[in-house]
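Go ahead and model the full structure; you've got the sequences and the hints to work with.
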Amino acid sequence: MEASLLFIQLLNGLQLGILLFLLSAGLTLTFGIMDFVNLAHGSLYMLGAFICASLTQLTGSFVIAALLALPLTALCGLLIELVVIRQLYARNHLDHVLATFGLILCLDTLAEIIWGPAGIAIALPELLNGQLEIFPGVVVPIFRLLVIAIGLLAAAGLYLVVNHTRLGMLIRAGASNRTMVSTLGVDIKTLFSGVFAMGAALAGLAGLLVAPIAEASIGMGNEIIITTFVVIVIGGIGSMKGAFIAALLIGLIDTLGRSYLDDLFKLMMSNDAAETAAPAISAMLIYLMMALILAVRPQGLFPASSR
Amino acid sequence: MIRYRPVSEASDLLSFGEYRMKKLLSGALISAAIFSPSLFSADEVKIGFVTTLTTGGASIGQDQEKAVNLALKHIESTMGGKQVKLIMADDGFKPEVGKQATDKLVKQDNVDFVAGYIWSHVLLASRKSVLDADKFLITANAGPSPVAGKLCHKNFFSTSWQNDQTPMAMGETLNQQGVKSLYVMAPNYAAGKDMVAGVERTFNGEIVGKDMTKWGKDAQLDFSAELAKAKASGAEGIFVFYPGKAGPAFIKQYQQAGLRDVLPLYTVFTVDSLSLPKLQAGGMEGVLGSVSTQHWGPDLDNETNKRFVADFREEYGSYPSFYAAQAYDSIMLIKSGVDAVNGDLSDKDGIRAAMKKASFDSVRGEFTYGNNNMPIQDFYSRTVVEDADGNWTTRIDKVVLEDHQDVYAAECSL
Chain R
1 MEASLLFIQL LNGLQLGILL FLLSAGLTLT FGIMDFVNLA HGSLYMLGAF
51 ICASLTQLTG SFVIAALLAL PLTALCGLLI ELVVIRQLYA RNHLDHVLAT
101 FGLILCLDTL AEIIWGPAGI AIALPELLNG QLEIFPGVVV PIFRLLVIAI
151 GLLAAAGLYL VVNHTRLGML IRAGASNRTM VSTLGVDIKT LFSGVFAMGA
201 ALAGLAGLLV APIAEASIGM GNEIIITTFV VIVIGGIGSM KGAFIAALLI
251 GLIDTLGRSY LDDLFKLMMS NDAAETAAPA ISAMLIYLMM ALILAVRPQG
301 LFPASSR
Chain H
1 MIRYRPVSEA SDLLSFGEYR MKKLLSGALI SAAIFSPSLF SADEVKIGFV
51 TTLTTGGASI GQDQEKAVNL ALKHIESTMG GKQVKLIMAD DGFKPEVGKQ
101 ATDKLVKQDN VDFVAGYIWS HVLLASRKSV LDADKFLITA NAGPSPVAGK
151 LCHKNFFSTS WQNDQTPMAM GETLNQQGVK SLYVMAPNYA AGKDMVAGVE
201 RTFNGEIVGK DMTKWGKDAQ LDFSAELAKA KASGAEGIFV FYPGKAGPAF
251 IKQYQQAGLR DVLPLYTVFT VDSLSLPKLQ AGGMEGVLGS VSTQHWGPDL
301 DNETNKRFVA DFREEYGSYP SFYAAQAYDS IMLIKSGVDA VNGDLSDKDG
351 IRAAMKKASF DSVRGEFTYG NNNMPIQDFY SRTVVEDADG NWTTRIDKVV
401 LEDHQDVYAA ECSL
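First to last, the protein sequences are chains R and H. First residue of the first sequence? That's 1 in the numbering used here, and the numbers climb one at a time after it. First residue of the second sequence? That's 1 in the numbering used here, and the numbers climb one at a time after it.
Hints were generated in silico from the structure; no laboratory data involved. Keep in mind that a hint or two might mislead.
As the list claims (entries may be wrong) - Each computed DSS-like pair below joins lysine-lysine, with the alpha-carbon atoms no more than 30 Å apart:
id: 1; chain 1: H; residue 1: Lys-46; chain 2: H; residue 2: Lys-357
id: 2; chain 1: H; residue 1: Lys-348; chain 2: R; residue 2: Lys-266
id: 3; chain 1: R; residue 1: Lys-266; chain 2: H; residue 2: Lys-180
id: 4; chain 1: H; residue 1: Lys-135; chain 2: H; residue 2: Lys-357
id: 5; chain 1: H; residue 1: Lys-135; chain 2: H; residue 2: Lys-154
id: 6; chain 1: H; residue 1: Lys-135; chain 2: H; residue 2: Lys-82
id: 7; chain 1: H; residue 1: Lys-66; chain 2: H; residue 2: Lys-82
id: 8; chain 1: H; residue 1: Lys-85; chain 2: H; residue 2: Lys-348
id: 9; chain 1: H; residue 1: Lys-46; chain 2: H; residue 2: Lys-128
id: 10; chain 1: H; residue 1: Lys-99; chain 2: H; residue 2: Lys-214
id: 11; chain 1: H; residue 1: Lys-154; chain 2: H; residue 2: Lys-99
id: 12; chain 1: H; residue 1: Lys-214; chain 2: R; residue 2: Lys-266
id: 13; chain 1: R; residue 1: Lys-241; chain 2: H; residue 2: Lys-82
id: 14; chain 1: R; residue 1: Lys-266; chain 2: H; residue 2: Lys-356
id: 15; chain 1: H; residue 1: Lys-357; chain 2: H; residue 2: Lys-82
id: 16; chain 1: H; residue 1: Lys-356; chain 2: H; residue 2: Lys-128
id: 17; chain 1: H; residue 1: Lys-214; chain 2: R; residue 2: Lys-241
id: 18; chain 1: H; residue 1: Lys-99; chain 2: H; residue 2: Lys-217
This is the structure in structure tokens:
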């Protein structure tokens with residue numbers, strides 16, 4: 001029983017980590033390649049969830065809605081890039097922070113006007129709502145397995161695009177030396193728009209995968225964006241590999257902390273003290289880890305070599 | 001009616017800018033308070049209502065706002081012959097924002113009553129501002145243990161309950177249903193701790209596991225790890241307290257994990273008229289048949305409640321939540337006080353004495369106030385069912401605790 005519970009918790013940690021990776025990948029793209037700090041990345045995650053929720057109600061099918069919501073979220077990202085972000089590249093990071101913070105407020109309010117404050121639950125098809133017995137005694141919700149599979153596919157796709165396509169080459173070149181790339185005749189504006197839209201689509205994907213588990217709600221992006229920043233800081237800002245490993249690390253540490261910390265503490269202190277201390281410490285765990293890693297490696301685990 | 005909406009919870013990301021903004025704002029507030037000429041208009045009754053009007057908690061606040069407006073409509077906005085002026089304020093689901101909103105109501109608007117407060121931590125942060133200014137404070141939801149015990153105050157009244165009471169009723173229900181072992185989950189904040197303490201106080205069986213999950217602006221909404229533990233614990237039931245948007249999220253994951261047949265669900269303040277329509281839209285049948293306890297229900301059989309529920313449904317198209325019911329009562333309680341002194345708001349002793357009698361027609365039926373001004377009232381067990389029109393709602397099964405007084409009343413010196 002113990003081993004199967006541990007296995008389930010590892011899967012849960014993996015699933016959380018993969019969601020965090022989808023979010024931090026977009027953030028890494030915009031920060032690593034465009035040198036742009038986007039606090040409003042979480043709002044795109046929220047938009048993805050809401051758009052998918054609306055479309056699910058409209059079409060009656062989560063799968064169709066999800067397939068439509070992805071390009072729509074990318075489109076939202078594109079619009080935001082054209083109207084707001086593009087004006088800001090030449091400015092410094094503080095201006096980025098201010099402007100995108102304003103964007104958060106605007107998008108949160110916009111979402112409240114369109115969808116109301118209550119949040120929307122998404123109905124899953126019967127098949128996805130069920131459970132699967134992987135091994136005897138190891139029963140997992142099917143949808144969570146699907147999240148892991150889709151996330152890993154997206155990660156693999158991203159790896160292929162960045163490392164083995166012309167677009168990826170341009171992205172990497174842009175990350176190393178933006179001026180050089182544009183002097184070589186590459187339309188850097190279009191490239192940036194495309195990268196931003198790609199980041200938006202990834203955030204939207206994370207959002208629409210979370211929505212059937214929790215729900216689409218106002219401010220859901222602000223809840224997760226802090227953890228996402230922890231991920232990219234631990235991973236090394238601008239590094240996709242770092243983001244992937246750090247996201248899985250955070251997902252596992254957070255989940256295992258929530259699962260086993262109280263049992264661990266009970267070995268060392270009284271039951272009452274353990275029950276008080278464990279939730280507090282497990283809520284802090286990822287920040288403690290960030291402090292620890294930054295103390296040893298201030299540049300993160302896998303700093304982008306070109307920066 | 002005036003509404004104040006401070007920036008949303010996202011403001012935490014920019015603490016420095018916010019800090020400067022706050023300094024500017026508070027300076028402006030002070031000068032406005034000093035130079036405001038209309039401070040002493042005695043021809044109206046001013047009520048400030050602090051609730052959550054932004055963030056995910058806004059659906060609760062709006063339900064309360066609807067009930068307050070319905071109450072004002074029912075009494076034609078008059079108390080003791082005076083017009084009522086209502087000022088809604090937003091706490092942004094944060095203690096510091098709630099306290100600022102309260103300070104503004106007390107100092108700048110100079111209200112006579114401050115009511116509302118969904119969240120225990122917001123109430124605890126705000127109570128002193130109201131009570132130190134010698135105004136009346138009426139909680140229409142939050143009931144943290146300190147305000148019922150050591151921090152009780154003659155000008156503080158509740159139209160809800162003390163946090164521990166509803167879960168105590170649940171513990172009793174579990175005993176009656178023969179549940180021997182229980183898994184417990186709640187968010188890690190003032191009310192969450194009270195809820196767990198409450199169920200532990202009356203439940204006779206064994207608590208085989210307990211999780212206090214992260215709460216606040218980055219609250220935990222993914223409960224996969226906890227649900228896996230709960231299932232592995234082999235408990236005969238799971239007790240949870242997840243108010244607001246965490247409730248539907250929990251129930252969905254509970255169903256997705258296939259726990260409905262293995263681990264029966266017992267809740268307090270989680271399944272309500274706000275979450276049920278959402279759960280129904282999401283096809284979450286796992287919640288049907290689940291048991292919860294409460295001091296009130298939309299089907300509670302008394303004339304005041306029938307009128308309240310019928311008019312609420314006609315006006316807004318949905319069942320009122322318990323938050324709404326308590327908000328409705330808070331206005332009626334204030335009216336009973338102001339009516340008794342014929343609108344003489346300077347007669348605070350008179351208002352207090354009248355409110356203490358709990359003589360108004362409450363939607364929960366008759367109740368009395370204890371020494372600490374917390375209601376002594378019945379608690380019911382309820383089951384989630386489908387009503388005649390196919391809407392999911394709760395049905396009151398029976399009284400579990402009769403004329404129940406909270407356990408902290410003894411610590412109150414009043």
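Comparing the hints with the structure gives:
1. With a C-alpha separation of about 22 Å, the suggested pairing of Lys-46/H with Lys-357/H holds against the 30 Å cut-off.
2. Taking the CA atoms of Lys-348/H and Lys-266/R, the gap is about 52 Å. The hint is violated against a cut of 30 Å.
3. Between Lys-266/R and Lys-180/H the alpha-carbon distance is near 23 Å, which keeps this suggested pair within the 30 Å criterion.
4. With a CA separation close to 18 Å, the supplied pair Lys-135/H and Lys-357/H stays within the 30 Å bound.
5. For the hint linking Lys-135/H to Lys-154/H, the alpha-carbon distance of about 10 Å falls within 30 Å, and the restraint holds.
6. As the CA atoms of Lys-135/H and Lys-82/H are separated by approximately 18 Å, the hinted pair is consistent with the 30 Å bound.
7. Restraint check for Lys-66/H and Lys-82/H: satisfied, since their Cα atoms lie roughly 22 Å apart, inside the 30 Å limit.
8. For the hint pairing Lys-85/H with Lys-348/H, the CA-to-CA distance comes to about 19 Å; that is within 30 Å, so the pair holds.
9. Taking the CA atoms of Lys-46/H and Lys-128/H, the gap is near 19 Å; set against the 30 Å cutoff, the hint holds.
10. At roughly 22 Å between alpha-carbon atoms, Lys-99/H and Lys-214/H fall within 30 Å of each other, so this suggested pair holds.
11. Straight-line distance between C-alpha atoms of Lys-154/H and Lys-99/H comes to about 20 Å, which keeps the hinted pair within the 30 Å bound.
12. Distance check on the hinted pair: Lys-214/H and Lys-266/R sit about 20 Å apart at the alpha-carbon level, within 30 Å; holds.
13. For the given pair, Lys-241/R sits about 68 Å from Lys-82/H by alpha-carbon distance, which is inconsistent with the 30 Å threshold.
14. A threshold of 30 Å between alpha carbons decides the hint, and for Lys-266/R with Lys-356/H the separation of about 46 Å lies outside it, so the pair is violated.
15. For the given pair, Lys-357/H sits about 22 Å from Lys-82/H by alpha-carbon distance, which is consistent with the 30 Å threshold.
16. Taking the CA atoms of Lys-356/H and Lys-128/H, the gap is about 20 Å. The hint holds against a cut of 30 Å.
17. This hinted pair checks out: Lys-214/H and Lys-241/R have alpha carbons roughly 29 Å apart, not beyond 30 Å.
18. Between Lys-99/H and Lys-217/H, the direct Cα distance comes to roughly 17 Å. Compliance with the 30 Å bound is thereby established for this hinted pair.
Of the hints listed earlier, those the structure fails to meet are numbers 2, 13, 14, in rising order.
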